[in-house]
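Asks: Spelled out, the chains give:
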Amino acid sequence: MSAIATPPAEVSLTKSPGRWISQHLDALPTAASVVIFIGMIIFGEVAYGHIVQASTLSNLLINNAHLVILAVALTFVILTGGIDLSVGAIIAFSSVAGVMLINAGWNPWLVVVLMILIGSAFGLIAGVLVQFFGVQPFIATLAMMFLGRGLASILSTVPERLPDDSAFRSLGTQWKVIDGPKVNDLIITPGVLIAVAVVLLAFWMLHRTRMGRTVYAIGGSEQSAALMGLPVTATKVWVYVISGSLSGLAAVVYTARLGSAQNITGIGWELDAIAAAVIGGTLLLGGAGFVLGSVIGALVLGLMNVLITRDGSIPPEATTIITGGILLVFVLLQRAVLAKQRE
Amino acid sequence: MTDSDSGFVGFVKAFARRQYFWGIVAIILLLVVNLLKDPTYLAITVSGSGNLVGNLIDILRAAAPIMMIAVGMCLVVATGGIDLSVGSVMAVAGAVAMEFLASAGGSVASAFGALGLVILVSGALGLVNGLLVSVVGLQPFISTLILMLAGRGLAKVITGGQNTAANNEAFNWIANGRVLGLPVVFILALIIVIVVGLVVRRSALGLMIEAIGMDAKAARLAGVNRRALLFAVYIIGGILAGIAGVFATASVMTVDISRTGYQLELDAILAVVIGGTSLAGGKFNISGAAIGALLIATLDKTVVFLGVSSSATPAFKAIIIVVLCLLQSERVRNLIRRRRTVPDVTKEVVPV
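Chains as they are written, first to last, in this note's numbering: chain A, 1 to 343; chain B, 1 to 352.
In short, the hints are calculated from the structure, not lab data.
The model shown is predicted, which means the values in this text are computed figures rather than measured ones.
Glycine included, every Cβ here is placed at the ideal spot set by N, Cα and C.
Certain hints may be false.
Derived DEER-like restraints, expressed as beta-carbon distance ranges [as the list claims (entries may be wrong)]:
{"id": "1", "chain 1": "A", "residue 1": "V46", "chain 2": "B", "residue 2": "G161", "range": "23 to 33 angstroms"}
{"id": "2", "chain 1": "A", "residue 1": "Q341", "chain 2": "B", "residue 2": "L221", "range": "35 to 45 angstroms"}
{"id": "3", "chain 1": "B", "residue 1": "F112", "chain 2": "A", "residue 2": "S55", "range": "37 to 47 angstroms"}
{"id": "4", "chain 1": "B", "residue 1": "G116", "chain 2": "A", "residue 2": "R19", "range": "51 to 61 angstroms"}
{"id": "5", "chain 1": "B", "residue 1": "V323", "chain 2": "A", "residue 2": "L193", "range": "33 to 43 angstroms"}
{"id": "6", "chain 1": "A", "residue 1": "R19", "chain 2": "B", "residue 2": "L131", "range": "52 to 62 angstroms"}
{"id": "7", "chain 1": "B", "residue 1": "D58", "chain 2": "A", "residue 2": "I308", "range": "36 to 46 angstroms"}
{"id": "8", "chain 1": "B", "residue 1": "V32", "chain 2": "A", "residue 2": "L200", "range": "53 to 63 angstroms"}
{"id": "9", "chain 1": "A", "residue 1": "D311", "chain 2": "B", "residue 2": "V108", "range": "49 to 59 angstroms"}
{"id": "10", "chain 1": "A", "residue 1": "P159", "chain 2": "B", "residue 2": "V135", "range": "40 to 50 angstroms"}
{"id": "11", "chain 1": "B", "residue 1": "G113", "chain 2": "A", "residue 2": "G259", "range": "46 to 56 angstroms"}
Just need the whole structure built from these sequences, with the hints factored in.
Replies: Structure, rendered in structure tokens:
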């Protein structure tokens with residue numbers, strides 16, 4: 001997957017495992033997250049049981065589909081060396097607006113498109129601020145975060161419920177793929193399929209298209225990318241638009257699953273999404289990282305929540321501390337890897 | 001700020017150039033809006049016990065915690081950093097103080113104990129930020145973002161998920177007491193602002209902080225101890241946020257772990273930007289930040305006074321900060337400058 005950074009010819013030249021590792025240091029955090037994920041599953045299975053079974057794993061996917069989408073969104077932005085703090089607030093505004101429109105009698109599918117477009121609009125504003133007016137990414141998206149939260153609060157401060165018969169809810173229907181014994185079924189929802197499609201599309205875009213290469217190039221060095229004649233300006237704006245649109249899509253998936261929306265939905269999800277991307281091996285300085293890694297990162301966080309719930313002795317309030325701690329550890333790991341690479 | 005004009009016109013021009021001038025203009029505008037809705041808005045009456053009562057006094061009281069975090073943020077921003085954790089540090093400080101007071105009782109000594117504990121804890125949180133930024137070399141917004149989100153979790157763990165309340169008259173006096181008819185919090189905040197301002201401006205500290213923000217490498221070559229200064233700045237920022245947390249919780253003697261200091265990091269950033277401190281770092285303006293804090297308090301009160309839900313204020317603030325960032329950006333400045341140059345080409349030699 002790191003073929004962008006190292007030409008294939010060079011890879012085949014390396015024989016010893018030590019050299020291979022030192023040349024693929026940027027994949028180390030991703031490898032670490034895969035190991036952690038597998039370790040968590042084994043630990044959970046041994047300590048609490050009922051982890052490696054169809055229902056738990058499909059619930060893991062269903063409950064974290066929105067987080068996977070957000071992690072993909074953040075991967076795009078972070079790869080260019082930027083950041084998007086507005087994803088949680090976009091979800092709040094988009095979902096509250098969407099549910100209210102449906103309650104007002106709008107066509108649900110039109111509303112779905114609108115919800116995504118709301119996200120795109122936020123992303124576009126952030127991107128234009130960053131690219132054309134030199135505003136730092138975290139300031140621009142922080143402003144969007146507060147704008148989204150504020151607008152959502154203007155719309156409503158109470159939970160808005162979707163009507164029970166709304167076609168919008170069909171996005172959250174649970175399809176039994178394999179009917180297992182008792183409740184141990186392999187279940188899938190349209191939301192999960194959407195998340196998978198997003199991941200595949202993002203993977204294709206980042207690794208197989210010119211735009212994807214430009215994204216990596218900007219993160220590596222924006223100046224060099226511009227000097228090479230790559231469309232830096234357009235790509236950077238696009239990255240924020242993509243991030244915003246994906247947040248809108250995440251709002252659709254989440255709202256369809258939950259059936260209601262509130263202005264406080266999604267507080268702190270920006271940390272989860274950033275943590276997912278970083279755990280998955282995306283370098284916060286930009287230029288290195290993988291979409292599939294971010295998916296693993298999101299699943300690690302989701303599994304952590306499951307384990308904390310199963311354990312019961314860790315107060316749920318401590319979850320954000322643990323997430324922050326994990327993020328910190330991985331950021332430090334990145335620093336160490338970077339320092340090693342410079343040697 | 002070199003202006004060729006002299007005399008009164010020059011003074012007025014120089015004053016108008018200062019960015020916090022527009023902050024003052026905005027405060028006056030907001031007050032006028034309120035005055036239009038209620039002609040007695042600005043009235044200050046003297047209550048029976050000799051205290052000044054009125055909306056303006058309320059604004060001063062509300063401005064106190066924002067002033068604290070704004071001043072801390074101002075210094076952090078000057079180094080080219082940012083502190084997104086101030087709101088959460090406020091919550092942690094409030095939680096620590098309330099938990100301590102709930103068990104220590106209502107004596108004056110325990111109030112001082114709570115204060116000391118708050119300064120210790122918030123200073124420690126600032127130390128963590130400083131450590132991550134200066135020693136580990138993380139980007140400031142990531143280091144402080146971690147604390148911003150983990151800090152609220154920490155506050156919840158400290159109080160066990162409860163909104164702890166406590167009784168302590170001395171502690172309550174900090175927020176609700178009066179000296180010479182003015183709220184104690186505002187006087188305290190003003191004193192702290194002046195002290196910090198004097199310390200950094202009357203010594204070389206301010207220059208060194210700015211030097212880091214302008215060009216970290218050049219500063220190091222000039223012998224500035226970057227590491228120690230960054231530590232100092234983030235610790236001061238943490239302690240000031242802790243004091244802000246005390247101000248915010250002492251008035252109701254309850255810490256609301258999910259609302260105390262919530263989203264106040266934007267207020268602090270906004271106050272700093274309004275005060276003319278560039279977010280790019282390299283210069284700062286403490287009095288400007290204090291005026292920015294006053295403006296935000298006025299804005300908060302105005303929005304509520306006009307009958308808009310207070311949870312909607314972030315939207316207004318976001319719009320203001322976007323506009324201010326646009327005004328600070330090169331592109332817009334060039335546009336404005338070009339328009340100005342057309343009638344008078346010779347004046348454009350002066351760099352802004």
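Asks: To test your reading of the hints: which numbers does this structure violate?
Replies: 2, 3, 6 and 9
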